[in-house]
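Undergrad: Chains as they are written, first to last, in my numbering: chain A, 243 to 446; chain B, 17 to 201.
Just so you know, not all the hints are guaranteed correct.
Pairs of lysine-lysine residues, derived as DSSO-like cross-links and limited to a Cα-Cα distance of at most 27 angstroms, are as follows [to be verified]:
| no. | chain 1 | residue 1 | chain 2 | residue 2 |
| --- | --- | --- | --- | --- |
| 1 | B | Lys-32 | B | Lys-43 |
| 2 | A | Lys-319 | B | Lys-43 |
| 3 | A | Lys-347 | B | Lys-43 |
Here are a few chain A residues that sit away from chain B, every Cβ distance over 10 angstroms (derived from the structure) [to be verified]:
| no. | residue |
| --- | --- |
| 4 | Ala-268 |
| 5 | Glu-274 |
| 6 | His-292 |
| 7 | Gly-312 |
| 8 | Tyr-359 |
| 9 | Pro-368 |
| 10 | Ala-371 |
| 11 | Ala-377 |
| 12 | Ala-388 |
| 13 | Asp-392 |
| 14 | Leu-404 |
| 15 | Arg-426 |
| 16 | Met-437 |
| 17 | Gln-444 |
| 18 | Leu-446 |
What the hints contain is simulated information worked out from the structure, not anything from laboratory work.
All values reported here derive from a predicted model rather than from experimental measurement.
Here a beta-carbon is modelled for each residue, glycine too, at the ideal position from N, C-alpha and C.
Listed below, chain by chain, are the residues.
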Amino acid sequence: MNKAKEIPARNTKVMNRFDLTSRLVAKLKNEEAVIGGIGNTNFDLWAAGHRPQNFYMLGSMGLAFPIALGVALAQPKRRIFALEGDGSLLMQMGCLSTIATLAPKNLCMIVMDNGIYQITGAQPTPAAAVSDIVAIATGCGLTNCAWAADEEDFERLVEQSLSAPGPTLIGVRIDDKPGVGTTRRDPVQIRERFMLGLGVRQAL
Amino acid sequence: MAAAEESTSPQALQEKTWHGVVLQTLKRHDIRLVPYVPDRVLTTLIKNIHADPFFTTFPTAREEEAVGIISGAWMGGMRGAVLMQTSGFATLANVLASLAIPYQIPLIMFVSERGTLGEFNYGQSLVCRTMRPVLDSLAMEHHTATRLDEFEFIVDRSIRQAITTQAPVALILSPLLTGGKVFEK
Chain A
243 MNKAKEIPAR
253 NTKVMNRFDL
263 TSRLVAKLKN
273 EEAVIGGIGN
283 TNFDLWAAGH
293 RPQNFYMLGS
303 MGLAFPIALG
313 VALAQPKRRI
323 FALEGDGSLL
333 MQMGCLSTIA
343 TLAPKNLCMI
353 VMDNGIYQIT
363 GAQPTPAAAV
373 SDIVAIATGC
383 GLTNCAWAAD
393 EEDFERLVEQ
403 SLSAPGPTLI
413 GVRIDDKPGV
423 GTTRRDPVQI
433 RERFMLGLGV
443 RQAL
Chain B
17 MAAAEESTSP
27 QALQEKTWHG
37 VVLQTLKRHD
47 IRLVPYVPDR
57 VLTTLIKNIH
67 ADPFFTTFPT
77 AREEEAVGII
87 SGAWMGGMRG
97 AVLMQTSGFA
107 TLANVLASLA
117 IPYQIPLIMF
127 VSERGTLGEF
137 NYGQSLVCRT
147 MRPVLDSLAM
157 EHHTATRLDE
167 FEFIVDRSIR
177 QAITTQAPVA
187 LILSPLLTGG
197 KVFEK
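Isolated chain B, as found in the complex:
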């Protein structure tokens, strides 16, 4: 990271954030529809996507509702991605197994990772442990992003792969990347 800082102008570096990378990469791939169930870590990203008229973005009551919306939009010719938290991903096994995977929908998910690296809620740390086994049991593509310097590569390539192979992908945003949510009292 220190080396990267030296090789980039201070201004450019200041501008480069993980949420900026997500927003710009979504745009580059013409991903306009972004339903979400909010998460503290995603706050800035959600705010910036709302502020950008390129996007159609709104909250849904449940994550699987957002997956349904994205699936319909894809079939209608509009690309989308879903934002959620770890505990929200835990509600998705059925819709992944009965809609996204068998119908070959390139469902792109950004999952803000709770439950690890300083979690303060035991339930969050337990539900987090179900996430990767579920992804692996469905043989789904997934990556855990921990570093800003490789984040754009991961997001860009994963979106490309999801669309060209018509397969879902989960991009897990580690606290190492985002800072996570910490207990403050």
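Just chain A, with the same shape it has in the complex:
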């Protein structure tokens, strides 16, 4: 089982979550919203430098894409990125079909796939050795999705997504490193500041 996991099923480089998140954030020039999934995914978003349009999840594993879909529907003129771990996505794979059906033009989903539940002790996910998340997403009807071969390819796919005519999904294989920072766990402030960042609220 573990041996099978070590054999790369795809011709893709193993990259680093914080590095990729930093590369993504560096490309955002138009107040794009970014939803960071539970755990390391939003820790690295936090560590990449807080932006007013960042939302950090402190629970509700698997809901990064549904939350991002909600933002995308509410603000069709803004581009929305969602960062999710492979284990998280496994908990809520049905959302890929919902998103494929609604097909919001302004949503880009990024799956950070290390095949493990890093934060709980690096146990392998049930999908690790056998499943291909990009193939799953394709099967769910998301036609514009791809594995990033390396960092340059990731940046190219992010650029492409910014003008894509429908939702996009980028799979990235990442290493087993934990997140670089730790999000300040203040849900009310996170939500309020996100709403300020999206122009929905004015500061008191």
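Dock chain B against chain A, hints included.
TA: What follows is chain B alone, placed relative to chain A:
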């Protein structure tokens, strides 16, 4: 009810239905986004919401997915409500405790109540018993609607309260209001 019937014109009374009240009250509060996991009792409501271009409505695979969507939409400035059945509510404890309540999201839920007043599936009656204890243990606002004459008041005030206090609310639609789902063979 008989007294109310006498005081209202027959035509107006015919038009007043529980699902009509839900639809009109959602509109009045500019609640446009309605994701749902379907239920037999909700069929007419779902059909009518689909038929009305005011709404963006669609099924989700799970109820917590719908809660996530509503939460994101609220933060983006669009109001929403979720439709589900009792057994679907039973899947929500984690998302209520980790998203809707701590982030102060005015999550409005309509829960069609299965499991009581003529239930024919034992599992439904068991899972129904978990609903109010979960709501109470999280100190969440909830009301069980049983009468059409007070339904609009409950829905209207509950939506107002959810939005102004930034707190979730569950509106439980009793078979006394909706007729429920009965065993027919």
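Undergrad: Check each numbered hint from earlier against the structure, then list the numbers of those it violates in ascending order.
TA: 7, 16
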